[in-house]
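> So the chains spell out like this:
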Amino acid sequence: MTTKLMGEPVRRREDLRLITGRGRYTDDIGHGALAAAFVRSPYAHARITGIDVDGALDVEGVVAIYTYEDLAGPMAEPLPVLIPHPQLTAPRTGFPLARDVVQHVGEAVVMVVATDRYVAEDVCDRIVVSYEELPVVVGVDASRAAVHAVHADVPDNVAARHHQETGDVEAALAASPRTLSFTQYIERSACMPMEGKGVHAVWDADDSSLRVHTSTQASTSVRAAIAAKLQLSLEKVEVVAPDVGGGFGVKIVHPWPEELLVPMAAIALGQPVHWAEDRREHFISSAHEREQRQEITVGYDDEGRVTALDVRAWHDNGAYTPYGIIVPIVTATQLVGPYAVPVYRVRIDSVYTNTVIVTPYRGAGRPQGCYAMERTMDRIAQDLGLDRAEVRRRNLIGKDQFPYDHHLTFQDGRPVIYDSGDYEGLLDKLVALVGWDRAEERRAEAASRGKQLGIGMAMYVEGTGPGPYEGGHVQVLGSGKVLVSTGLTSQGQGHETAFAQIVAHELGVPIEDVEVTTGDTRRFGYAVGTFASRAAVMSGNAIALAARGVRAKALRIAAEILEADVEDLEIDEGVVQVKGTPGTAIPLRTVAVLSNPLRYAFDEAARQATQFAGPGDDSKPPVAVGDAPGLEHVDYYSPIRSTFASGAHAAVVEIDPTTWEIDVVDYAVVHDCGTIVNPMIVEGQVHGGVAQGVGGALYERMAYDSDGQLQNASFMDFLMPYASEVPDVVIDHQETPSPLNPLGLKGAGEAGVIPGTACIASAIEDAIGLRIAAMPISPTELYDLVRSPDAERVPAAIPGVPA
Amino acid sequence: MKPAPFGYADPTSLDEALSVLESEGESAKVMAGGQSLLPLLSMRLASPTTLVDINRVPGLDAVVVGDDGVRVGALVRHVGLLHHAGAAAVQPLLARATANVAHPAIRNRGTTVGSIAHADPSGEMTSVLALTGGSVTVATPAGSSAVDWADFFIGPLETSVHGPAVVIDAFFPALPARTGTAFEEISRRKGDYAVCGAGVTVTLDHDSRVTSARASYISVGLVPEVHDLTEAVVGQSADTADWAAAGALARTLVDPDGDLHASADYRRLLVGVLTERTLARAAQEAQNR
Ligand SMILES: Cc1cc2nc3c(=O)[nH]c(=O)nc-3n(C[C@H](O)[C@H](O)[C@H](O)COP(=O)(O)OP(=O)(O)OC[C@H]3O[C@@H](n4cnc5c(N)ncnc54)[C@H](O)[C@@H]3O)c2cc1C
Chain B
1 MTTKLMGEPV
11 RRREDLRLIT
21 GRGRYTDDIG
31 HGALAAAFVR
41 SPYAHARITG
51 IDVDGALDVE
61 GVVAIYTYED
71 LAGPMAEPLP
81 VLIPHPQLTA
91 PRTGFPLARD
101 VVQHVGEAVV
111 MVVATDRYVA
121 EDVCDRIVVS
131 YEELPVVVGV
141 DASRAAVHAV
151 HADVPDNVAA
161 RHHQETGDVE
171 AALAASPRTL
181 SFTQYIERSA
191 CMPMEGKGVH
201 AVWDADDSSL
211 RVHTSTQAST
221 SVRAAIAAKL
231 QLSLEKVEVV
241 APDVGGGFGV
251 KIVHPWPEEL
261 LVPMAAIALG
271 QPVHWAEDRR
281 EHFISSAHER
291 EQRQEITVGY
301 DDEGRVTALD
311 VRAWHDNGAY
321 TPYGIIVPIV
331 TATQLVGPYA
341 VPVYRVRIDS
351 VYTNTVIVTP
361 YRGAGRPQGC
371 YAMERTMDRI
381 AQDLGLDRAE
391 VRRRNLIGKD
401 QFPYDHHLTF
411 QDGRPVIYDS
421 GDYEGLLDKL
431 VALVGWDRAE
441 ERRAEAASRG
451 KQLGIGMAMY
461 VEGTGPGPYE
471 GGHVQVLGSG
481 KVLVSTGLTS
491 QGQGHETAFA
501 QIVAHELGVP
511 IEDVEVTTGD
521 TRRFGYAVGT
531 FASRAAVMSG
541 NAIALAARGV
551 RAKALRIAAE
561 ILEADVEDLE
571 IDEGVVQVKG
581 TPGTAIPLRT
591 VAVLSNPLRY
601 AFDEAARQAT
611 QFAGPGDDSK
621 PPVAVGDAPG
631 LEHVDYYSPI
641 RSTFASGAHA
651 AVVEIDPTTW
661 EIDVVDYAVV
671 HDCGTIVNPM
681 IVEGQVHGGV
691 AQGVGGALYE
701 RMAYDSDGQL
711 QNASFMDFLM
721 PYASEVPDVV
731 IDHQETPSPL
741 NPLGLKGAGE
751 AGVIPGTACI
761 ASAIEDAIGL
771 RIAAMPISPT
781 ELYDLVRSPD
791 AERVPAAIPG
801 VPA
Chain P
804 MKPAPFGYAD
814 PTSLDEALSV
824 LESEGESAKV
834 MAGGQSLLPL
844 LSMRLASPTT
854 LVDINRVPGL
864 DAVVVGDDGV
874 RVGALVRHVG
884 LLHHAGAAAV
894 QPLLARATAN
904 VAHPAIRNRG
914 TTVGSIAHAD
924 PSGEMTSVLA
934 LTGGSVTVAT
944 PAGSSAVDWA
954 DFFIGPLETS
964 VHGPAVVIDA
974 FFPALPARTG
984 TAFEEISRRK
994 GDYAVCGAGV
1004 TVTLDHDSRV
1014 TSARASYISV
1024 GLVPEVHDLT
1034 EAVVGQSADT
1044 ADWAAAGALA
1054 RTLVDPDGDL
1064 HASADYRRLL
1074 VGVLTERTLA
1084 RAAQEAQNR
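Line order of the protein sequences matches chains B and P. Read the first sequence against this note's numbering and you will find it ends at 803, with the numbers running on by one and no gaps. Read the second sequence against this note's numbering and you will find it ends at 1092, with the numbers running on by one and no gaps.
It is possible that some hints are incorrect.
Unchecked claim - The calculated label-pair distances, taken between Cβ atoms and stated as ranges, are:
id, chain 1, residue 1, chain 2, residue 2, range
1, P, L848, B, R17, 33 to 39 Å
2, P, L848, B, D428, 51 to 57 Å
3, P, S850, B, R99, 50 to 56 Å
Claimed, not checked - To spell it out: a stretch of chain B is covered by chain P in this simulated footprint if at least three of its residues, at any positions, have a beta carbon under 8 Å from a beta carbon of chain P; those stretches are:
id, stretch
4, 353-359
5, 384-393
6, 702-713
Derived by calculation from the structure, the hints in this document are not laboratory data. A virtual CB, placed ideally from N, CA and C, is assigned to each residue, including glycine.
Let's have the full structure, built from the sequences with the hints guiding it.
Next up, the structure:
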């Protein structure tokens, strides 16, 4: 190998395009298309009593207006429950356009198509929908109380009761030397990708085929959904995810109503139709996550070792459950983190509220689980007067205990068996990295400046790379160009770089020759999608296997031509050569030409290749049985189960006791995602995750009032941290390869966000010496807390939001 | 998030601007930097029939510094005051306050006069106009006249000017002798509208004893107000004055509201803290002037 590529901080090849305005997003496609806009419910819960479009019909430029009445066949049925589960006993989904009852502010009621978006919004303004208001349920506690029902036929508001246990927890608690119980809350935030959703649909009437560009994390599944709902044959539907300006989970949900309605209109009108979600729509009609109430009881011994853990939680799933109960299941199963918990029981009720649906947002239930477990560790330490790091250390799963079976069932239905890890290694590195043992010195120094300093930590284990599969296609062209495609999509993670590194490494070609395409069903038809930190693990391994297939074929062909043994050949810098005999070589591109017996000399590559072509063996067919023309290979990777990445974060905060401003002054991360393909990309993922973690801990919340109106549905009032609010992050890596996949990879996409809330809560608590029972927390709430230290801060009082 | 249809005029003289405003009536709006107005249009919270863009009107883009104060034309962007050394020498609050207005991109477009005409009690420059005892010049088809700040601000986003009118400048009187200023605000994120902000002036006599201490707050109350805090510290030495007492007094004088980002109580707390901090700094500065 002349250039080592795996594990190198290769610069992201997509960045020049993306950061100089040359990305191609859905909204950049197809100028001149008709524009769609939606009339959305202004009420959180109401019955539609009438829709009057008369005043809208004479607006110049209106092309079509659709209501539920215009939906036919499968489109008139409820949207699919993507991931059913036996414990999801009362799943409910909406219709693409509301039929009779709206269940949250923002639910689509009418679709307007007009000559442009301005006109479409003018038309929307003139459509009068009459409603009869119904009682509104907001928040887990109101939902639990079930005074009112979100769905009339689900009177207790419970969509699912998720329950797992690994033993008799009550007996184990009774036998525990010590127990403690506490309740805590975590509120809603959301993915907030820079680019909202967007759909562009073109119907080719002559070919009876549909091409849809959509800003999705799962183009193959959107394709299948469109085909089913619009009753088209699968091969007549193409779905492309072009550049996608961030997803963070919200775009894995599919089909969004707009992904069906926009193509429906394009077919009906015979003209391209376009819809670009605006920010307000994104706030009120996409997805949120994280709200839970958690009641935790833990048993432990005098040394702080956990003997039993009982978690009772309520998870707000919003108005509908299209994505099943993935989020609460992930909370339930990832909660135990890196710790050996002898007996564990978890019961989470997933409950309905008249709010935007709740589906995975980066971390997908793990931040909540981490918050539960890590705050438990802190509580135990406080109770026993032990160092918080030491309590954690005593409970960690040992390095020699892998594979470690938690006897739980993961989101993919497979057992939670940790494949590998070194959690004590993480903790050691973290303690050193953040200077944990110097905390008291720093506290004193900060006090001399009038600041209250606190330090906190949190550890996590993240199941990454769940199946069922991903595939990869690698093809060498006669030009020497290596085409790589995989069906899963990219939202800025650097797949073009990481996948190219893998192929260049496996195949022995310069990375410049490798071209990666993702998320385009024209190129690869089978895929699952980009979520659950699975792209590198799943597609990375599939692509590696495909590259190995190409390599094997290239060596076989070259061996014949060079009259050498396959074992004696190597590929380096795009040339197949006999090891140690540089002269005996053939370029890979020439092998590519020779791999196809039909060799019209259209170009120089083909002409050159003929000099290598032997006379051929008259006794055999030109393409042998079982062989295929071309130098390409498709392969799939399907894991036995998820692989488990891990990490540990620490935060140092300084609080100004006059203004109660909270400043995160240091943030340290130790991160283990197995073998690293590209450390620069991994660090970028961690940085972005930490920024979202800080946001979730200190800034972001969805401020619903009791009428179900979102009070802060704009970037003016929904506060995401700017670069100025995100601390510098110091990172240390640990590499514990996964034994489950060929490359030893574990996922890295979500990790950065998982421990943020737990870790910052711990640091604030350490600084002020008062218990934090609800997150996020802002200075005004901290001020309330310090003035009434007996009361635990519960989210009853979001300032400015009438209860 | 697309505005409803509106007409657009880009007059090239003040007279023309006023005559368009007169003929279009109440539902026409002046547009300066557009940083406050255009978001309102895009969210369809405002639907003026016509925007009268004054950006091509000559003569409105000057910062005129005189001994008596600084006159800021209607097309001077926040950034123009932020970096204006001459203006800062006569009235230091201008640069100090504009440094807290939004982010660079918005400061490059948004005008100081526009933010005063917008009359947002969360805006820095409305308070600075009040604290300095300033005024605006309002041009109408009938002629121009000066309107004192106290007569100009009526309520949140509301001024006393109705009918066809353009605010052509704002006048910030010079800082008196032996007077120092300070400005500080607390926002959730850097560059955001303040959760609470304070601008203050402190005047000393020749023995460095306080003769006046005044403050105006941001995001506190419905219109900019100036609070005289002198009684808490009058006659005290600049170095040892009981600024905390002034802060405590300020807390009793204000009547803040709560919103998503801060309770009324928390704002009151910040009024006290910021008052104490800024007065102390202003007093130090006053000794050197
Ligand atoms: C993200 C963001 C953050 C911001 N943060 C801050 C902040 O921290 N502090 C702050 O003070 N401001 C902030 N602003 C507002 C910004 O300072 C605006 O520029 C300013 O408030 C208005 O100035 P403008 O020139 O853009 O006025 P425009 O938006 O053009 O007009 C605003 C209003 O004033 C009227 N108007 C403007 N000029 C005149 C005139 N000469 N005569 C009569 N009427 C006139 C208009 O008709 C309109 O009603 C922020 C804006 C944004 C978008």
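> Evaluate each hint against the coordinates.
Against the structure, the hints:
1. A hinted range of 33 to 39 Å for the beta carbons of L848/P and R17/B is consistent with their spacing of about 36 Å.
2. A C-beta distance of roughly 55 Å is found between L848/P and D428/B, which places it inside the suggested range of 51 to 57 Å.
3. Between S850/P and R99/B the beta carbons are some 32 Å apart, a value that contradicts the proposed interval 50 to 56 Å.
4. Residues of the stretch 353-359 of chain B lying with their CB closer than 8 Å to a CB of chain P number 0, which falls below the three-residue condition for coverage.
5. Given a C-beta distance limit of less than 8 Å, the hint that chain P covers the stretch 384-393 of chain B is violated, as 0 residues qualify and 3 are needed.
6. Figure legend: the stretch 702-713 of chain B, annotated as covered by chain P; annotation consistent (3 residues with Cβ-Cβ distances under 8 Å, at least 3 required).
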